[in-house]
Amino acid sequence: MMSAAITTRPPTAPVPHAPAAGGTRRRSRLRTRLELALLLAPALVLFVGFVMIPIGVAAYYSLYSWSGFGPLTDFVGLDNYVDALSGDVFQSAVGHNMIIAVLSIVVQLPLSIGLAMLLNRKLRGRTFLRMVVFAPYVLSEAVTAVIWLLMLQPGGFVDEVLRAVGLGGLVQLWLADQSMVLYTLFLVITWKYIGFGVILLLAGLQGVPAELREAAALDGASPWQTTRHVVLPLLGPTIRVWIFLSVIGSLQLFDLVWIMTLGGPANASTTMAVYLTDHGFKRYEFGFGSAVAVILFIICFVFALFYQRFALRRDTEGAVTSGVR
Amino acid sequence: MRSRKPLALFAAAAFVLAGCGGGGGDASTEGPVTLTWWHNRTTEPMKSKWQQIADDFHKTHPNTSFTIEPIQNEQFQTKVPLALQGNTPPDLFQQWGGGALADQLKSGKLADITEASSGWIGPLAKNADGWKVGGKQYGAPYLMHAVGFWYRKDVFANAGITSTPTTVDELNAAVAKLKTAGIVPIALGGKDRWPDAFYWAYFAVRQCSVDTLKKAVEKTELADPCFTKAGENLKSFLDTKPFQDGFVGTPAQQGAGSSAGLVANGKAAMELQGDWQPDVMQALTEDKELASKIGWFPFPSVPGGQGDPTVMLGGGDGFSCTTRAAKACAEFLGHLVGDDVQKILAETNSGLPVTPAGVAALKSEPHKVIAAAMSKASHVQFYFDTAFPTKVGQALNDTIANFFAGQGGPDTIVKSVSEAAAGNK
Numbered sequence: 001m002m003s004a005a006i007t008t009r010p011p012t013a014p015v016p017h018a019p020a021a022g023g024t025r026r027r028s029r030l031r032t033r034l035e036l037a038l039l040l041a042p043a044l045v046l047f048v049g050f051v052m053i054p055i056g057v058a059a060y061y062s063l064y065s066w067s068g069f070g071p072l073t074d075f076v077g078l079d080n081y082v083d084a085l086s087g088d089v090f091q092s093a094v095g096h097n098m099i100i101a102v103l104s105i106v107v108q109l110p111l112s113i114g115l116a117m118l119l120n121r122k123l124r125g126r127t128f129l130r131m132v133v134f135a136p137y138v139l140s141e142a143v144t145a146v147i148w149l150l151m152l153q154p155g156g157f158v159d160e161v162l163r164a165v166g167l168g169g170l171v172q173l174w175l176a177d178q179s180m181v182l183y184t185l186f187l188v189i190t191w192k193y194i195g196f197g198v199i200l201l202l203a204g205l206q207g208v209p210a211e212l213r214e215a216a217a218l219d220g221a222s223p224w225q226t227t228r229h230v231v232l233p234l235l236g237p238t239i240r241v242w243i244f245l246s247v248i249g250s251l252q253l254f255d256l257v258w259i260m261t262l263g264g265p266a267n268a269s270t271t272m273a274v275y276l277t278d279h280g281f282k283r284y285e286f287g288f289g290s291a292v293a294v295i296l297f298i299i300c301f302v303f304a305l306f307y308q309r310f311a312l313r314r315d316t317e318g319a320v321t322s323g324v325r
Numbered sequence: 001m002r003s004r005k006p007l008a009l010f011a012a013a014a015f016v017l018a019g020c021g022g023g024g025g026d027a028s029t030e031g032p033v034t035l036t037w038w039h040n041r042t043t044e045p046m047k048s049k050w051q052q053i054a055d056d057f058h059k060t061h062p063n064t065s066f067t068i069e070p071i072q073n074e075q076f077q078t079k080v081p082l083a084l085q086g087n088t089p090p091d092l093f094q095q096w097g098g099g100a101l102a103d104q105l106k107s108g109k110l111a112d113i114t115e116a117s118s119g120w121i122g123p124l125a126k127n128a129d130g131w132k133v134g135g136k137q138y139g140a141p142y143l144m145h146a147v148g149f150w151y152r153k154d155v156f157a158n159a160g161i162t163s164t165p166t167t168v169d170e171l172n173a174a175v176a177k178l179k180t181a182g183i184v185p186i187a188l189g190g191k192d193r194w195p196d197a198f199y200w201a202y203f204a205v206r207q208c209s210v211d212t213l214k215k216a217v218e219k220t221e222l223a224d225p226c227f228t229k230a231g232e233n234l235k236s237f238l239d240t241k242p243f244q245d246g247f248v249g250t251p252a253q254q255g256a257g258s259s260a261g262l263v264a265n266g267k268a269a270m271e272l273q274g275d276w277q278p279d280v281m282q283a284l285t286e287d288k289e290l291a292s293k294i295g296w297f298p299f300p301s302v303p304g305g306q307g308d309p310t311v312m313l314g315g316g317d318g319f320s321c322t323t324r325a326a327k328a329c330a331e332f333l334g335h336l337v338g339d340d341v342q343k344i345l346a347e348t349n350s351g352l353p354v355t356p357a358g359v360a361a362l363k364s365e366p367h368k369v370i371a372a373a374m375s376k377a378s379h380v381q382f383y384f385d386t387a388f389p390t391k392v393g394q395a396l397n398d399t400i401a402n403f404f405a406g407q408g409g410p411d412t413i414v415k416s417v418s419e420a421a422a423g424n425k
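Chains as they are written, first to last, in UniProt numbering: chain A, 1 to 325; chain B, 1 to 425.
Quick caveat, the hints were computed from the structure, so don't treat them as lab data. In this text, a Cβ means the ideal position worked out from N, Cα and C, and glycines have one as well. Mixed in with the good hints there might be a few duds.
Stated by the list, open to error - If you want the ones that stay clear, here's a sample from chain B, every Cβ over 10 Å from chain A, calculated:
hint	residue
1	Gly-108
2	Lys-126
3	Asn-172
4	Thr-228
5	Glu-347
6	Lys-376
Stated by the list, open to error - Below, in silico cross-link-like pairs of lysine-lysine (DSSO-like), each with a Cα-Cα straight-line distance of 30 Å or less:
hint	chain 1	residue 1	chain 2	residue 2
7	B	Lys-126	B	Lys-79
8	B	Lys-177	A	Lys-282
9	A	Lys-282	B	Lys-59
10	B	Lys-293	A	Lys-282
11	B	Lys-106	B	Lys-415
12	A	Lys-282	B	Lys-179
13	A	Lys-282	B	Lys-106
14	A	Lys-282	B	Lys-214
15	B	Lys-109	A	Lys-282
16	A	Lys-282	B	Lys-343
17	A	Lys-282	B	Lys-79
To be verified - What follows is a list of derived Cβ distance ranges for each label pair:
hint	chain 1	residue 1	chain 2	residue 2	range
18	B	Gln-72	A	Leu-40	45 to 53 Å
19	A	Leu-111	B	Asp-55	55 to 63 Å
20	A	Glu-160	B	Ala-357	48 to 56 Å
21	B	Pro-225	A	Val-302	46 to 54 Å
22	A	Val-57	B	Pro-225	53 to 61 Å
23	B	Glu-289	A	Ile-147	26 to 34 Å
24	B	Ala-421	A	Met-180	44 to 52 Å
25	A	Met-180	B	Thr-180	24 to 32 Å
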């Protein structure tokens, strides 16, 4: 469109009301730049100082075998990366992160959509129910972890509730069974974060015009058809943003695991970030820890780039292009 | 859906910020000096006790004042390396000695107080050894710790156990009796890993001679076959299933369902833990009479082992000085191991005093028993995770924890030490 607009006017043709406007335009351009500099500078300084430089420094440390004390002298090249990537524990940690990410999408997403639709209807005590669903999200992650750690002990609150309602057969060694522990953690994660998904999707649902549903209903669409073909497509942008946040969160999962299991038993619930803390800080192997941090960063960054490019692009297109002239 | 701070970046930022501290003065000062003191007693009564002790010291030594920063125990692991890498480390800070101390020496910021301490280190005798590296004193303990079995007298009596076990066979018999009586024989906080390590360490201490133990720590390797044998003994012990269900997921000290909580509430009969356990247990139960119901006995002897049955597993709480104000700091450390302060510490039951005068002032019955066992011991073996360099000690703990969870064998544990020492991850 822009190129079309330019070619319709011969390049040599005088610009209308040129001389007078030239000065003000230059002045206003200068002013725009000043404004930009003023507004962006603080954020830029912080971003460079606290994000870019640390990443660079971590990458530098990661090339050394370094206990955190004294100067960096023991250059090992990419050995730390090779050690991490070839280690069983790190590989299984990556696997655990992937399982959590996939489960989040497969289990939490439908659950969030369902709850959001339910809470979007006019029903008695709706505000209260919304609050109940959202409450766990407000709790700090450390508090959540300690509460659930205590409730999930054998014979603890969870077991007693299950037995009281006649579901004693479901009782497990929630945190002690190596084949169970990751799923137990996933249940706690779901409990904690489902409220965020619901609130996000509720906001998305507010953006679905009632007229569209009414029109669909008038055309004879069943409620299911309306949901499937009208509401869900319009929720698309919200869902895609939720998936993005959820996957990044899953990849960086730490606090909950650290407090509830320390990655155990026998590394059955170790995540990449847990492995990083365990081997970087606890063992005083800061070079190696930095290498793991860099790997984690690259995985998240690559995912973010690809997701932006292929999934979020449509959603952000309007926002980005409408500002460009 | 999770939204948390990007950890990788955060960790990276922490690495960098450590390098940005302002320059501090380096001269060993004679004039007025303010000591920045990092200790790990964030709860009462010790928090105010330390404040009081510092205030009293200031009264008699007006040139020395304090800025006290109580810091949560677990945070020392991350804060100390960062501080020592920066330019303004604390002047004295919590120090557990052993391999971690040797690691920290590489920063060049720790003060050698061999000379400064010569006037007061004598009464500490062997207790001060853990804070020595290469024959030089880089700190001193103010309280020692020792590990042994805490048990409930009432539960033992109900199960018909009349005397505390002195051999592993007797321990096994007690475990069987307690099972018959329908009670968990031993509680274990396996989630936290370090309680698992106590068992392996004690089986090693009972199986190996004192010389072998010393050599193993010196060389950072478990080459002697006695260490493998210790793992085999541990395996046989684990096979008797002495612990509560799901012990690998049980925390050591959090809540009534923790291992400490199980014993405190009479749901388990024993726990292998440090001398600090009575306070930990008391916080987890409503039972005000708990103190009268619990007793202590040392880890039993192992038939056929070359280890001396009097040897204890333990460690200690101490402080190291950094170079800036080493003189004033060392003087203060001398004050902490002096009779007055040691007597105050004895009354808190938060550890074992480091000097005979302090031990004589102990009031609690079990602590007197532990202190007596310590003074009788031919050797006090530092917890292996502290004795070894940090990366080796942690690798050993992790391997032992995996062993408790059914992964690996006695030889895996032995190998983990040499592999970690060689830099394998």
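So, going through the hints one by one against the coordinates:
Consistency note on Gly-108/B: stated as away from chain A, yet its beta-carbon is not over 10 Å from all of that chain's, at 7 Å minimum. Against chain A, the non-interface label of Lys-126/B holds: every CB pair exceeds 10 Å, the least being about 27 Å. Here Asn-172/B stays apart from chain A, with its beta-carbon at least about 23 Å from theirs, past the 10 Å limit. Under the 10 Å C-beta cut-off, the non-interface status given to Thr-228/B relative to chain A holds; the minimum distance is some 20 Å.
Chain A leaves Glu-347/B outside its interface by the beta-carbon criterion, the shortest separation being 32 Å against a cut-off of 10 Å. The Cβ of Lys-376/B sits about 34 Å from the closest Cβ of chain A, beyond the 10 Å cut-off, so the non-interface label holds. About 29 Å separates the Cα atoms of Lys-126/B and Lys-79/B, which keeps this hinted pair within 30 Å; it holds. Straight-line distance between C-alpha atoms of Lys-177/B and Lys-282/A comes to about 40 Å, which puts the hinted pair past the 30 Å bound.
The suggested pairing of Lys-282/A with Lys-59/B is violated, with an alpha-carbon distance near 39 Å, which exceeds 30 Å. Pair hint Lys-293/B plus Lys-282/A does not hold up; C-alpha atoms about 37 Å apart against a cutoff of 30 Å. Annotation: proposed proximity of Lys-106/B to Lys-415/B holds, straight-line Cα distance about 26 Å (limit 30 Å). A distance of roughly 37 Å separates the Cα atoms of Lys-282/A and Lys-179/B; the hinted pair therefore is violated under the 30 Å criterion.
Proximity of Lys-282/A to Lys-106/B is assessed by CA-CA distance (about 17 Å); at most 30 Å being required, the pair is judged to hold. For the hint pairing Lys-282/A with Lys-214/B, the CA-to-CA distance comes to about 24 Å; that is within 30 Å, so the pair holds. Taking the CA atoms of Lys-109/B and Lys-282/A, the gap is near 21 Å; set against the 30 Å cutoff, the hint holds. Annotation: proposed proximity of Lys-282/A to Lys-343/B is violated, straight-line Cα distance about 34 Å (limit 30 Å).
Annotation: proposed proximity of Lys-282/A to Lys-79/B holds, straight-line Cα distance about 11 Å (limit 30 Å). A C-beta distance of roughly 38 Å is found between Gln-72/B and Leu-40/A, which places it outside the suggested range of 45 to 53 Å. Between Leu-111/A and Asp-55/B the beta carbons are some 58 Å apart, a value that agrees with the proposed interval 55 to 63 Å. Here the CB-CB span from Glu-160/A to Ala-357/B is close to 51 Å, well matched to the stated 48 to 56 Å.
For Pro-225/B paired with Val-302/A, a C-beta distance near 49 Å keeps the hint of 46 to 54 Å intact. Range check, Val-57/A to Pro-225/B: Cβ separation about 46 Å, and the 53 to 61 Å hint is violated. Between Glu-289/B and Ile-147/A the C-beta distance comes to about 29 Å, which sits within the given range of 26 to 34 Å. For Ala-421/B and Met-180/A, the Cβ-Cβ distance of about 35 Å falls outside the hinted range of 44 to 52 Å, so the restraint is violated.
Checking the proposed 24 to 32 Å range against Met-180/A and Thr-180/B shows it holds: the Cβ atoms sit about 30 Å from each other.
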